[in-house]
Amino acid sequence: MIQTIRVASKNKIDDLSGKHLLNDIRTELKRTDITSVETVKIYRLEGVSEKEAELLTKKVFCEDINQIATINKPLLSSSSKIIEISYKPGVMNPEVASILKAAKDLGVNLIACDTSREYGFVGKINLEDAKKIIHDLKLFNKTVEHIVEDSPTTLIISGTAGKTKTITIREINDDQLMQLSKDTLFLNLEEMHVIQKYFQKIKRDPTDAELETLAQTWSEHSGHKTFKANITIIDKDLPSGRQKKTPLFSRIKKEALKHKKNIVSAFVDNSGAMDFYDGWAICGKAETHNSPSAIEPYGGAMTGSGGVFRDIVGTGLGAKTLVSTDIFCLAHPTLSDDKLPAGSLSPLYILKRVIAAVKDYGNRMGIPTNNGSLHFHNDFRAKPTVLVGAYGILPKKSAQKGTPKKGDIIVSIGGRIGRDGIHGATFSSAEMTDRTISVNAQAVQIGNAIEEKRTFDAIIEARDAGLIRAIQDSGGGGLSSAVGEIGSELGVTVQLKNERLKYQGLSPWEIWLSESQERMVLAIPKNKFSAFEKVCQKYNVEVTNLGFFDGSKKLNLFYGDEAVGELDMEFLHNGLPQRNMIAKKSIDKPLKEVLPTTPKSSAEWITICKKILSHPNIASKEPIVRLYDHTVQGTAVVYPFSGEKMDGPNDASVIRPLLNKPYGMVVSHGLNPILNRIDPYWGSMWAGAEALANYVAVGGDYKTASLINNYVWPFPDEESLWSLDQSVDAVVDFMSITKMPVISGKDSLSSTYRGKDGTIIKIPPVLCISVFGKIKDVSKTMTSDLKKENSILCLVGAMDYASLGGSTYYDIYGVLGNSVPKVAMKKLIQVADVIYNGIQKNQILSVHDISEGGLLTTVFEMCVGGNIGAHISISNKLSPEQILFNETAGTFVIEIENEHTAKKLFKNIPYTIIGKTLGEKILSVEQNKKELFSISIESLKRFWQEPMQKIFN
Amino acid sequence: MKKPNVMILRTEGTNCDEEAFFAFEKAGGNPKMVHINDLRNKKESFDNFNVLVLPGGFAYGDDVVSGKILAVELTSFFEKELKKFIERKDTVVIGICNGFQVLVRTGLLPFRNIGEMDATLTNNDSGHFECRWIHLKIEENSKSPILKNIGGQIVSYQVAHGEGKFYATDAVMDKIEKEGLVALRYVDESGNPTQNYPENPNGALHAIAGITDPTGRIFGLMPHPERFVLEEQHPNFKRMKKVTPQGLPIFENIITFIQSQ
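Chains A and B, in that order, give the protein sequences.
With our numbering, you'll find the first sequence wraps up at 967, consecutive numbering, no jumps.
With our numbering, you'll find the second sequence wraps up at 265, consecutive numbering, no jumps.
Possibly wrong hints are sitting among the right ones.
[Unchecked claim] Taking beta-carbon pairs under 7 Å as the criterion, some of the chain A residues facing chain B (in silico): (1) VAL74; (2) ILE464; (3) LYS467; (4) ARG640; (5) THR645; (6) SER656; (7) LEU672; (8) LEU673; (9) SER793.
Don't read these hints as lab results, they were simulated from the structure.
Treat the numbers as computed from the prediction; the structure is a model and nothing was measured.
Think of the CB as a built atom: it goes at the ideal place given N, C-alpha and C, for glycine as much as any other residue.
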């Protein structure tokens, strides 16, 4: 028998969800037939008496100060049309574990429970109307939730485990091979042939688990086949028309290792680590979670955060996460549903849900999310880019990747395994089609931050007690990937029956492949296993002894007595054939566009300024930042926003990782996808320059910094591989000039959409460069807000004035342009040195880099922070829009006390004095002593702040 | 003088423990991280401590409502120990943010009724989580030793919470006011208590940001004084001529009070 408890607010006025919904129904749906909406939380309890249900209601579920409850009775009046939404059976509901715990603490033996929510609509409508409202307001996601039509009779999921199956592969033809590959394995024919030959050689057919293991290890997601491929470039501008090039990955690695003075660990571990101070190292990693986020953005982005945090704790012998960053590329939130390809979710919905996910996961983990950006372009409408970064700290002596020894125990800890997340790794390597949502729904799940938090707490204590030999994140591919990886040298014997399950009925291969979240795999020396178990017990973390490192150089899988798989580690990890790929430069046809003409009147100028500042790429992201606990751990030094009203944006984040030391860690990033579509080399250089400029603007020293590069690209057909090759060349050149090494990164090469009707959508290629590093003294940092009246403003750095291609200014006219700004990299590093030294010597009052929106946006944002105004005076050698709206990365606006100091400080680098700060809160611009326009900061600020306020307040 | 022993209570989802630890260390205390399971298995005891700190975070994910599951655990297993602890004259209990939510749900605040709730902290009126710096006025007529010499001051702390609206019946609100249990209120730029968002970030009744019990030795507040014990923790330290870490006096007062007992 199930006891059903319903809880609601005592006073209708306190039902905030109901109030907000009613508001949405009136404003968004423009419906006037609803007079009120009420919301109810439902708890279903199995295995307890009504009396026990009463006790739990009183002690746990209902606070009678402001709530009311019913047991096994409706709560809302019969006149409302009631719809109940719950997670689908089997989808992880994070609240359940806490409720079971509270019941146990109260001495109640609760067997199973679930929670759901009920919406009651009052008005002249029928039940179908109510359902329509639920759908129209997107109050649930069909992938993981459903409308409850009949109350469940049991909450216990049961089933019997399937047997291991043998799959015929030795004697099938190519068509049959590809049929086998489609929708589950995502391997190409050549790869399928290699697998076929292996099993022909060992004279048996594979088990389901073996085939799945190979598919996941060889997936683009895990195998990085494109980055390891030999590349032939076809380009008619080359002397012979073609050129053979070494693999992308080896080019990056080769250049990076030339600059290793600060490197502690690069390219070998779950994140890259560099030297910090006093025997500490810091580490960083960024990765995407695009495919799941496209179909269930909340779960997708949550598990993205969870995964990248596990990369940090899975570095060396375990690191503590200090910072989280989030970078999203989406279609414009205003894009209407009818412009979306079949199978795609609305960008506004995706935006709200990914932000909610980062908030819910990061805040619960206690990891400050304090750096990030949003980029809007409608070609992200089918496949959004969701890039999450994380940075951590660990003792240098524990910073090298661990090596298991023969006889060590394979331990899996953290969450239990369910059917969720199966095929995530292979799925994310596939292109998106209109079938993606229905076929791959099981690849998505909901994260449970608290499970991850307690697991991390246990790992750090176990690390400090010297109990860990090696550690590996169990993410994409689940155990198959984590155990396969950690045991790749020695070989392992694994007993799958030992694994803890969320519910019965999983086949052995499902246990092996499941990507259930919040799990880590470790190698623990035999004699330390019981001490390790005790640490886990203290933190309520469950432990499985999964087997041991057996020295067989094989993957030996068992489920009880049943042999589930036996694969040579050598074949599994090195059997994947290296690809030979062709990259072809597509014919350059310069766009013939009508370029905008210089604004003619003050009114025209002001209109353009307002359009630029309210462009979603430029608009203030403060309402989003306020949702993130961006200062937890007490480490924040340079905040996302500072200034008189704390609403002026800063360029990068600085934190103090060790509260009792003055040392700082600086984190910044840069990207501009649309530039890569025009010119992938210079677009990528721009990304690096922007990341560096952001880093320098807050007081960072690039000489003690490292890089992370993330490539999110359309499927690597010949054309997209050409642009990817160009981008990698730019990154290599960027490293060579700045001497900063890439020490971590990731690629995701599946951002192409193919619809049944022939629609193909490729995203503008994303290269995100992140910079992180160390500074000795956090008091020598800088913010962007103007500090005082009557100081002078300098434009510092070499601007490529003529190149406005890909700028926001062009975008508001619907123009793309042919020429992107070419950053003078060698000058930029000189500029970076001068700025760093100027900040160290207190000669600089404020710095803000110029990027999207151009100089005008930069000065405006500095005025907002300072709550004062500025006067800009520009030369008549150029047309004003080339100065005001040019987006050359690596240029800065710098506030200096007086001209004398500026002259001294900037004598060896390009700079111009462009104006001064004003007590009056206006922004005025003149050219050749003639005023172009003048406008109050407040009125511009409204346009700048409104777009995100509308969505998030 | 002996450094008082400070228990920083940890459980699943606690996440402001390290900054609380640091604040007490800086204020002259002897903090120790104590996991609730080590109290349950008697490895640790309340008897060895003078200060019990319930730090911020999301205890057990704040499932059901914030702080609830931990409050149930504390009242189920430690009722006697807690009673004994608060009856000692040389003890202080402080709950910050999530810790404050736990304190009202155990009944320790406002009236020391363990197991009986008299007030609650519920969803912010805005309907969402809020992380920002706000202004607070420290109540002049509070008799709490924790607020000694800082009564009447306007200070800036951060808030970072989604369920911070202090709420109780009219009768309880009257009693709280009459007995002088209010410790801090959200104020506007001119220093007056306010119900306006975002100066009052959650819509708390009477703009209440923190309260004490009648002895003044149990203290709960939504804002985070432990995140302002260093100059550079203020986002505008570069603009300000002199930065005083305004969170520190709270912790120093606790230490001084215990040392005086």
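Taking the earlier hints as the rules, which of them does this structure contradict?
7
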